[in-house]
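Each protein sequence line maps, in turn, to chains E and A. Position 191 of the first sequence, counted from 1, bears residue number 191 in full-length UniProt numbering, the numbering being contiguous throughout. Position 124 of the second sequence, counted from 1, bears residue number 124 in full-length UniProt numbering, the numbering being contiguous throughout.
Where hints are given, some of them may not hold.
The list treats identical chains as one, so a pair stands whether inside a single copy or across any two.
Lysine to any residue pairs mimicking SDA-like chemistry, simulated, CA-CA at most 20 Å apart [what the hints assert, rightly or not]:
(1) Lys-95 with Phe-57
(2) Lys-206 with Val-138
(3) Lys-206 with Leu-80
(4) Lys-206 with Ala-88
(5) Lys-206 with Asp-81
(6) Lys-206 with Gly-268
(7) Lys-95 with Gly-176
(8) Lys-206 with Arg-79
I should point out that these hints are in silico values taken from the structure, not numbers from a laboratory.
Number of protein chains: 2
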Amino acid sequence: MTDNSQSGRLALICGAGALPALLARAAGAPLICAVDGYEVEGLTPDIQFRLERLVPFLDRLHDEGVTRVAFAGGIRRPRLDPALFDPATAQLVPKILPAIQQGDDALLRAILALYEDAGFTVLGAHDIAPDLVPDAGVLGRSAPTAADERDAARAAEIVAALGAVDVGQGAVVAQGLCLAVESLPGTDAMLDFVAATGVALRPDPKGARGVLYKAPKPGQERRMDLPALGPETVRRAAAAGLAGIAWEAGGVLLLGREAVEAEAEAAGLFLWAREP
Amino acid sequence: MTDNSQSGRLALICGAGALPALLARAAGAPLICAVDGYEVEGLTPDIQFRLERLVPFLDRLHDEGVTRVAFAGGIRRPRLDPALFDPATAQLVPKILPAIQQGDDALLRAILALYEDAGFTVLGAHDIAPDLVPDAGVLGRSAPTAADERDAARAAEIVAALGAVDVGQGAVVAQGLCLAVESLPGTDAMLDFVAATGVALRPDPKGARGVLYKAPKPGQERRMDLPALGPETVRRAAAAGLAGIAWEAGGVLLLGREAVEAEAEAAGLFLWAREP
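Isolated chain E (complex conformation) (with noise of 0.2 Å):
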């Protein structure tokens, strides 16, 4: 829920992929603000900033009258230049670099954390844009067999053990059987590897043909980084045989619902927020 209180302005600091610009439209006229070098799709950079001189960064923020600030879009782990650090900046670095070490999450969270240390409200997707997140449901015509429904709890206790080692957000099952495990490369790479080689290791022919379960890593900070699906992945899916996608209902960004809807409707896949 957006807080009327903090009526000040919102800053998108933005990163790849289609949510940046979804997060925009749905938000009015936040500040642009991407890290100098990376292309935001479809939208221009109001500031691009360094990470190296992130202090300065927040207080630009400050003097634009920014009180929120959320996170859109993947950034892939960037390398830092120890030439270009401000002092200010160069005093945090012994907070991150535990961080760094411990995971994914640990990093994310100490960088959410220096945003509220210099005085932001840092808002999720579902905020500004709750048509992206959907409420538990099947969405559109074809939905899940009881078949597929056991596929999906089994897909969801694998992605579950995952994340408690925080390794991946998805997996693939078929017929009881685990066919692929999300890890660094992602999504888009684990269904291209189900494509390559799962066809022939599912038991029955004729049976389930299986399901692609995405969810949050048990206990993830949920303003950044939410797993997410899009047309590309409903491509994917079906070019992997399999018969739909489930994901935790509440935890996973739909990029585009009205395109995932007319793909996975297409190609006749179900589409399955799923109730936790």
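With chain E held as given, fit chain A onto it using these hints.
Only chain A this time, still in chain E's reference frame:
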């Protein structure tokens, strides 16, 4: 350890891969048994049997003077033909079906129990050929660096989490990041995936190149289906750009230890039986 007081004949129940021939050589002249229609690499079966007629097969083993059996090599979940069951084997189906639905490890335990219930002693590969299961330590000339040791520890954590939900027995970690997780398609497919996707994902191009780690599932029945490494694994790990291979000491089979060591030495990879 082979118990010499149980000096009845040994039957090898053979599946796919190089293990049956390696165990047959180590065991002298065991009775070679294979599922009807399956080829056994380098061996000619003495007895072929069908799973639908398991009880008559067990009776035949008794007739041949067999008191000990060992399982060697993988058997993909076979399709069963209901028309072929004999009445005694049909009685066992209700015992097996729940295990099939619980996952691989439960199924293997149930099959092992059938042999034990029929009065056979079930040996593990390490009982017959201890040389295939090396003790803790580094094999060959290359040794892991401190960064490789950290990657192996991280991968071991991931494999343990996956094993707890009965998935996979391997993972690839480089510079602390999980590049791939093993699922049904197996280790070779995982390494090919890393070769195709992983190079650009390592944050520091001059940093640690990554480790393949393999381990049995926690609590896994070690007399069946131990994870295995062979010369082909080493070749694919080298093609994936990894620094070496580590595994849980005592829990992984080396299929052809000399060939594995020779391949690793040629490619400059370390081989490390890691104390869990």
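Do the hints match the structure? See the list:
no. : hint                 : in the structure
1   : Lys-95 with Phe-57   : within (18 Å within a copy, 66 Å between copies)
2   : Lys-206 with Val-138 : neither (24 Å within a copy, 47 Å between copies)
3   : Lys-206 with Leu-80  : between (52 Å within a copy, 15 Å between copies)
4   : Lys-206 with Ala-88  : neither (62 Å within a copy, 29 Å between copies)
5   : Lys-206 with Asp-81  : between (55 Å within a copy, 16 Å between copies)
6   : Lys-206 with Gly-268 : within (16 Å within a copy, 46 Å between copies)
7   : Lys-95 with Gly-176  : between (43 Å within a copy, 19 Å between copies)
8   : Lys-206 with Arg-79  : between (48 Å within a copy, 13 Å between copies)
Of the numbered hints listed earlier, those contradicted by the structure are 2, 4.
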